[in-house]
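Student: Residue numbers for the sequence shown follow the numbering used here, beginning at 1 and rising by one.
Do not rely on the hints blindly, as some may be mistaken.
[Stated by the list, open to error] Restricting the straight-line Cα-Cα distance to at most 35 Å, the calculated cross-link-like pairs of lysine-lysine (DSBU-like) are: (1) K4 - K126; (2) K126 - K98; (3) K16 - K69; (4) K69 - K4; (5) K98 - K4; (6) K16 - K4; (7) K69 - K126; (8) K69 - K98; (9) K16 - K126; (10) K16 - K98.
These are calculated hints, taken from the structure and not from any lab test.
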Amino acid sequence: MYPKPDRSDQIRNFVKSEENEAIDVGWNEGSLSDGRQYHVECWAEDQITMLTFFFSSVGLETYSEALLKGLLEEENLVQFITSDAPISVMLITDVSGKELWLVNVVVGTEDELFANDLLSLRAYEKSDSD
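The task is simple: from the sequences and hints, build the whole structure.
Tutor: Laid out in structure tokens, this is it:
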């Protein structure tokens, strides 16, 4: 069994400010075909919309950017419109100490669409302090 990504330490931002220009849009969770759980967050900053995927790196530690991009498409999470759609990847450790892949996908800018997300994003629940 693969460990579930833990994003419990994240503070969401719903209002653009000088200190934080990124706006949290939505999220979702699910499982890849091998049973690996993923967590995805959608956010926007400077007219760019991004999807950030988090999932266990167990057994995928040596995956390249191209292989991770292919995995997202094979799992029907993202449909890339252009072959050069920008993504970035890095191995991170979450708050629970689990090693995860972080895969950033540029969905689009105000002028260009690079990818279609194939997810049903959920709205963040705003607390009384937000």
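Student: Could you run down the list of hints and mark each one as holding or not?
Tutor: Here is what the structure says about each hint:
no., hint, verdict
1, K4 - K126, "holds, 23 Å"
2, K126 - K98, "holds, 27 Å"
3, K16 - K69, "holds, 30 Å"
4, K69 - K4, "holds, 20 Å"
5, K98 - K4, "holds, 9 Å"
6, K16 - K4, "holds, 30 Å"
7, K69 - K126, "holds, 31 Å"
8, K69 - K98, "holds, 21 Å"
9, K16 - K126, "holds, 15 Å"
10, K16 - K98, "holds, 30 Å"
The structure agrees with every numbered hint stated previously.
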